[in-house]
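**Q** Protein chains in written order, with this note's numbering: chain A, 1 to 616; chain B, 1 to 233.
Calculated directly from the structure, the hints in this document are not laboratory data. Being a predicted model, the structure only gives us computed values, none of them experimental. Wrong hints could be hidden among the right ones.
Which stretches of chain B does chain A cover? Using the computed rule of at least three CB atoms under 8 Å from a CB of chain A, they are [said to hold, decoys possible]:
hint : stretch
1    : 28-42
2    : 45-59
3    : 193-202
4    : 216-227
Derived EDC-like pairs: lysine to aspartate or glutamate, alpha-carbon spacing no greater than 20 Å straight-line [stated by the list, open to error]:
hint : chain 1 : residue 1 : chain 2 : residue 2
5    : A       : K156      : B       : D195
6    : A       : K221      : B       : E38
7    : A       : K196      : A       : E51
The following label-pair restraints were derived from C-beta to C-beta distances [what the hints assert, rightly or not]:
hint : chain 1 : residue 1 : chain 2 : residue 2 : range
8    : B       : E178      : A       : R98       : 16 to 26 Å
9    : A       : I295      : B       : S39       : 54 to 64 Å
10   : A       : L81       : B       : P133      : 46 to 56 Å
11   : A       : H69       : B       : G122      : 46 to 56 Å
12   : B       : L159      : A       : R98       : 52 to 62 Å
13   : B       : N177      : A       : L81       : 50 to 60 Å
By construction, the Cβ of each residue, glycine as well, lies at the ideal position given by its N, Cα and C atoms.
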Amino acid sequence: VKTWLWRGSLFAKYAGPLVVLVSGGLVVSGLVQIYFSYQENKSALARIQQEKAAAAAIRIERFVRELEHDLAWISQTPWGLRGVPLGERRLDSLRLLRQVPAITEVSHIDPGGRERLRVSRLAMDVIGSNTDLSSDPKFVEAMARKTYFSGVYFRKESEPYITIAMAGVGEDTGVVVAEANLKFIWDVVSNLKVGKGGNAYVLDEQGHLIAHPDISLVLQKTDLSALPQVRATSAAIDQGTARGPVDAMIGKDLRGTEVLSAQAAITPLNWTVFVELPVAEAFASLYASIWRTVILVFVGVLISIVASLWIVRRMVAPIQVLRAGAARIGAGALEHRIEVRSGDELQALAEEFNRMTERLQESYAGLERKVEERTHELQIASQHKSQFLANMSHELRTPLNAVLGYTELIQDQIYGAVPDKIREVLDRVQKSGRHLLGLINDVLDLSKIEAGQLVLSSNDFTFEGVTQTAAAAMGSLAAEKNLHLRVDVTPGLPVGSGDERRVTQVLLNLMGNAIKFTDAGDVAVKVTQSDGMFVVSVADTGPGIQEEDRQKIFEEFRQVDSSSTKTKSGTGLGLAIAKRIVEMHGGRIWVDSIVGKGSTFYFSIPVQAGRPGGAS
Amino acid sequence: VIWAISTPAVRAAHSATRNIPIVAVDFTSDPVAERYVESYNRPGGNLTGVFLDAPEFAGKWVELLKTLAPDLSSVVVFYDPSPGAAHLHAVEAAAKSFGVRLQVMEVRKPADIERAFSSIKGRSLAVIILPSPLLYFHSEQLARLSLKRRLPATSMFRLFGDAGGVLVYGPPLGLANERAAELVAKILGGAKPADIPVERPTKFELVINLKTAKILGITIPQSILLRADEVIR
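Chain A with its partners taken away, still in its complex shape (with noise of 0.2 Å):
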């Protein structure tokens, strides 16, 4: 897995860009959209809020009309000669207080500016006051323009009021006035919904709250013209801006928090009616669908982040498991198969290394099975040598068996009397056909082990006859160049098992070579018994072996050095014999030495090496 990891591998060069690639067209499409949605969504939410502003000026304005279109009717009605009597101009203005619950009183002013009744719904009708209004400005004003609305005022400091003059349009018409409480605007402003936490109120020229939802802050003549969305409004004004709706805009309210404000014109009366909304409210659904959004690129993000990396994953682990297999098939794994199932090219390419590998595997048997092929041949052919020389060895020693036994007729002297001076030729060929004799009996050893013709027998022996008859055949010749020979068998040493006669060519073998090679000295045999095997040693102390010389002289045809041949002859086959039967006996030869003092050979047989279970 971590190697997917590392800086220069397919996955880091491929995962990377694949990721960056995918989610950065995700988080800027994701932006786009919420800048586009952000923008789209204010202007739209500014628009509802001013159509919110224009339905509810149109809603007071109505109010405003009906109270001028009730007033409009009464009016109407003439003085003088044609006059209509007071009486019913009484039951016309109660039934107007009847229709019209914002009006507490109705008067009738006559065309000379008189006071001629009153209706009240608090105080008692008042009939004939004769007061004379005819400079007061609900007079004056309605008389020239037919309709006068007075500012707003306040009973008792706190219930908003407005004065309503009207004058007929006939002959002899006078005027009516009413006076409206304010407060029944509240019923329309309260009434409008403005979301949730939003709401509509309505302010005269001066910036005085005229409706709001609260009535607390009407009674309480709250003045509003410090708000920012206020401000805006009276500037637009008096900089002559047609009083058409102020673009919305953020605003605070009475609490300083922030409002989304559209306002509109009460034309009549020089009135505005605000609408505010919470910006936090007004906004909510937009920062949802920004947090939707959010929301919906991250996961977009996390998706794309865990496809790329399966996908690079998908084309990156074939090839890991193609590079592991080819390293394994490298290192030899012939049978190693590559699996492979993606199905696509990078399957092929496994299929053709399995194939490589298949043909590289059976050309690679066919070559083994040929070098077994060819050991095998030489391996008959060279038991043919041997056979071959044992054969050899066996027809060449008869021959000499009756050269030398006739030599030894002749010296017996059984052919007559035999000169001195023949007598001296005869010991020499008796000796030289002696030597070949032995060279002959050695190849034939050797060549009988190497043709595996060689059987051990299995007898039971002691060493001490088997020292007893080395000794015995070695003492003349130690005898001769005044070496002494000296024997030592530990005592109370087991019967051995095992072929006796070769043991003690084994033994004959080491103790010539002392003999041979020591000029001066002693040679000693010494036999003793360690973990169940005979260990005979046999030191000399002559020359001594090289270090490096070993191994070698226990090979065939080997002796430690060729000039030495010469002079002490030999066949050189003596030591590979030897180690030849002591393995045969399961058994174990070696040699120490120092040169110039001496050396010394061991061997080492099981006891019981004839036994079934000791060496074959």
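Position chain B against the provided structure of chain A, taking the given hints into account.
**A** Structure of chain B alone, referenced to chain A:
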């Protein structure tokens, strides 16, 4: 919050505490004159509420009765002094302007009602019941006795009309209490009564009991029928 309905209750609550918020419903007192509040729009103390504060309003009853019975010669006023004399003075002034005599019956305890009725003298009479808790709660008895004496009677409260009073004119107590309830809610929500403006009733209801009118043999004139908000048939 103390919710005090009626003039005596408001007076008692106000004299009892200057800390506990009081929401008053009082159709008689002038809250500024009584020093309940500093001004209508900023009460400044622990009291706010709904005040009619229109003593001249009582004149409307005389006016209505006079319209109902143009030959009215004398008005019998049932007057409980506990809320104060503001309405009584208005009635006196109105009676004077109409040239109608006044018989004032002081009622201080329920037993006074029966006695008052037995002491009514004269003909072409009508009865005005001035607002007071005592009289309010005896609306039924007052209506019954008026009817027994075949006297047209009027009061401020709808209850009296339902009980058999021929005419009722005044701000509906129910609406005033609704507003008061909202003020209580505001105060419980953390607002201070000192900052809650005193409100005044905006709606005035004229109720006519035609059943009673029939019994009394009175024809309700058009000018009254015109403005009747409700007619009990």
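**Q** Hint by hint, say whether it matches the structure.
**A** Right, here's what the structure says about each hint:
no., hint, verdict
1, 28-42, "holds (count 4)"
2, 45-59, "holds (count 5)"
3, 193-202, "holds (count 7)"
4, 216-227, "holds (count 4)"
5, K156/A <-> D195/B, "holds (16 Å)"
6, K221/A <-> E38/B, "holds (15 Å)"
7, K196/A <-> E51/A, "holds (17 Å)"
8, E178/B <-> R98/A: 16 to 26 Å, "holds (22 Å)"
9, I295/A <-> S39/B: 54 to 64 Å, "holds (56 Å)"
10, L81/A <-> P133/B: 46 to 56 Å, "holds (55 Å)"
11, H69/A <-> G122/B: 46 to 56 Å, "holds (48 Å)"
12, L159/B <-> R98/A: 52 to 62 Å, "violated (23 Å)"
13, N177/B <-> L81/A: 50 to 60 Å, "holds (52 Å)"
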